[in-house]
Amino acid sequence: MSSRRSRQQNVSRITDDQIIELVSKLRQLLPEIRSRRSDKVSASKVLQETCNYIRNLHREVDDLSERLSELLATIDVDSPEAAIIRSLIT
Amino acid sequence: MNNPKLLSLNSTTSLISRFTRGFIQALIRINKQRPVTSSSPREMYIRHRRIKSAADKSMALAVRSRRNWSRAVLARFRKKRRRHVLVRRITTCAMKKRGLENKKSGHKEASHGQANELRRLVPGGEAMDLCSLLEETAHYLKCLNTQVQVMRCVADSYSTI
Numbered sequence: 199m200s201s202r203r204s205r206q207q208n209v210s211r212i213t214d215d216q217i218i219e220l221v222s223k224l225r226q227l228l229p230e231i232r233s234r235r236s237d238k239v240s241a242s243k244v245l246q247e248t249c250n251y252i253r254n255l256h257r258e259v260d261d262l263s264e265r266l267s268e269l270l271a272t273i274d275v276d277s278p279e280a281a282i283i284r285s286l287i288t
Numbered sequence: 010m011n012n013p014k015l016l017s018l019n020s021t022t023s024l025i026s027r028f029t030r031g032f033i034q035a036l037i038r039i040n041k042q043r044p045v046t047s048s049s050p051r052e053m054y055i056r057h058r059r060i061k062s063a064a065d066k067s068m069a070l071a072v073r074s075r076r077n078w079s080r081a082v083l084a085r086f087r088k089k090r091r092r093h094v095l096v097r098r099i100t101t102c103a104m105k106k107r108g109l110e111n112k113k114s115g116h117k118e119a120s121h122g123q124a125n126e127l128r129r130l131v132p133g134g135e136a137m138d139l140c141s142l143l144e145e146t147a148h149y150l151k152c153l154n155t156q157v158q159v160m161r162c163v164a165d166s167y168s169t170i
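Those sequence lines, one after another, are chains A and B.
Quick note: the first sequence uses this note's numbering, first residue 199, plus one each step.
Quick note: the second sequence uses this note's numbering, first residue 10, plus one each step.
There's no promise every hint is true.
[To be verified] Take a look, some chain B residues computed to stay more than 12 Å from chain A by CB distance:
no. : residue
1   : 70
2   : 74
3   : 87
4   : 90
5   : 151
[Claimed, not checked] With a cut-off of at most 16 Å between alpha-carbon atoms, the simulated EDC-like pairs for lysine to aspartate or glutamate come out as follows:
no. : chain 1 : residue 1 : chain 2 : residue 2
6   : B       : 41        : B       : 52
7   : B       : 61        : A       : 215
8   : B       : 66        : A       : 247
9   : A       : 223       : B       : 144
10  : B       : 61        : A       : 260
11  : B       : 66        : A       : 268
12  : A       : 223       : A       : 247
13  : B       : 151       : A       : 264
14  : B       : 151       : A       : 258
15  : B       : 61        : A       : 261
16  : B       : 61        : A       : 247
[Stated by the list, open to error] Pairwise CB distance ranges (calculated):
no. : chain 1 : residue 1 : chain 2 : residue 2 : range
17  : A       : 223       : B       : 38        : 32 to 40 Å
18  : B       : 42        : A       : 261       : 20 to 28 Å
19  : B       : 151       : A       : 213       : 23 to 31 Å
20  : B       : 23        : A       : 229       : 19 to 27 Å
21  : A       : 215       : B       : 91        : 37 to 45 Å
22  : B       : 154       : A       : 243       : 27 to 35 Å
23  : B       : 73        : A       : 223       : 21 to 29 Å
24  : A       : 243       : B       : 49        : 40 to 48 Å
25  : B       : 41        : A       : 223       : 41 to 49 Å
26  : B       : 166       : A       : 213       : 30 to 38 Å
These are computed hints drawn from the structure, not numbers from a lab.
On a predicted model such as this, the values are computed, not experimentally measured, just so you know.
Don't be surprised by glycine CBs; every beta carbon is placed ideally from N, CA and C.
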């Protein structure tokens, strides 16, 4: 696969600029850092914030799953389905 | 007519639709498997795990095989179905060892320490180089966000019925 060959050639040539660009792109996605108007956020800080954010999201998924399992125990799922899908997509 | 912003909006919207459809269908399936006496804590815990798996799997299916992380999640579910837990552990150790040997790029030493933590959090992260890891993380963050928002919407809708 030519992409694999070029990736092996580029392993020693991953430039700092590429990494900086990707890190800044990540920074845009993080809620806390986006509000701070400083340009001097270090790469390791961005990575750390990203790890924290991913862990928070995993925890939220876990909590929401638990909440949904309790809700499912009390109601019938079939009827509201159409209404929910309609409200989310329109 | 083909405004790039409109295109990206369409792709996010279709991601939301695909995920929501799959997730709700999974919820219906899980609910149908519910036994009559279903209020024991163990039953609740089993349902909780099933719902969480359904959410992760639905999101990976909505992304399909376009990303490394979604491929890793789908592979994980296929292996789980075959119940080869020992094989998965050995494969992960071997991949970790291979990943350490392949780290030829010496710059950004501090980032590598943090990147290891990130590799554990992003599915399939152990086998990626740093550039791919950062790209996959960005997409994974976007999808996780979407997943949380949809799940919150569904839970809110059910709790008002």
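Comparing the hints with the structure gives:
Interface exclusion of residue 70 of chain B from chain A stands, the closest Cβ pair being 16 Å apart, more than 12 Å. Under the 12 Å C-beta cut-off, the non-interface status given to residue 74 of chain B relative to chain A holds; the minimum distance is some 15 Å. Against the 12 Å criterion, residue 87 of chain B stays outside the reach of chain A, whose nearest CB is about 21 Å from its own CB. With a closest Cβ-Cβ approach of about 20 Å to chain A, residue 90 of chain B is found to remain outside the 12 Å limit, as its non-interface label requires.
Once the 12 Å rule is applied to beta carbons, residue 151 of chain B is inconsistent with being away from chain A; the minimum gap is 7 Å. Simply put, residue 41 of chain B and residue 52 of chain B have alpha-carbon atoms about 13 Å apart, close enough for the 16 Å limit, and the pair holds. For the proposed pair residue 61 of chain B and residue 215 of chain A, the alpha carbon gap of about 38 Å is over 16 Å, so the pair is violated. Restraint check for residue 66 of chain B and residue 247 of chain A: not satisfied, since their Cα atoms lie roughly 25 Å apart, outside the 16 Å limit.
Restraint check for residue 223 of chain A and residue 144 of chain B: the C-alpha separation of about 9 Å stays at or below 16 Å, so the hint holds. The suggested pairing of residue 61 of chain B with residue 260 of chain A holds, with an alpha-carbon distance near 6 Å, which does not exceed 16 Å. Restraint check for residue 66 of chain B and residue 268 of chain A: not satisfied, since their Cα atoms lie roughly 20 Å apart, outside the 16 Å limit. For the hint linking residue 223 of chain A to residue 247 of chain A, the alpha-carbon distance of about 13 Å falls within 16 Å, and the restraint holds.
Taking the CA atoms of residue 151 of chain B and residue 264 of chain A, the gap is near 22 Å; set against the 16 Å cutoff, the hint is violated. Between residue 151 of chain B and residue 258 of chain A the CA atoms are separated by roughly 15 Å; this keeps the pair inside 16 Å, and the hint holds. Distance restraint check for residue 61 of chain B and residue 261 of chain A: the Cα-Cα separation of roughly 9 Å lies within the 16 Å cut-off, and the hinted pair is therefore satisfied. Between residue 61 of chain B and residue 247 of chain A the alpha-carbon distance is near 24 Å, which puts this suggested pair outside the 16 Å criterion.
Hint check: residue 223 of chain A to residue 38 of chain B, Cβ distance near 37 Å, so the stated range 32 to 40 Å holds. The supplied range of 20 to 28 Å is met by residue 42 of chain B and residue 261 of chain A, whose beta-carbon atoms lie about 22 Å from each other. At about 25 Å, the CB distance of residue 151 of chain B to residue 213 of chain A agrees with the hint of 23 to 31 Å. Taking 19 to 27 Å as the suggested C-beta distance range, the pair residue 23 of chain B and residue 229 of chain A conforms, at roughly 24 Å.
One distance hint, 37 to 45 Å for the beta-carbon pair residue 215 of chain A and residue 91 of chain B, holds here, with the actual separation near 43 Å. Between residue 154 of chain B and residue 243 of chain A the beta carbon distance is about 20 Å. The supplied range of 27 to 35 Å is therefore violated. The supplied range of 21 to 29 Å is met by residue 73 of chain B and residue 223 of chain A, whose beta-carbon atoms lie about 22 Å from each other. Remark: the range hint 40 to 48 Å for residue 243 of chain A to residue 49 of chain B is upheld by a beta-carbon distance near 46 Å.
Here the CB-CB span from residue 41 of chain B to residue 223 of chain A is close to 43 Å, well matched to the stated 41 to 49 Å. Between residue 166 of chain B and residue 213 of chain A the beta carbons are some 48 Å apart, a value that contradicts the proposed interval 30 to 38 Å.
Consistency note: the structure conflicts with the earlier hints numbered 5, 7, 8, 11, 13, 16, 22, 26.
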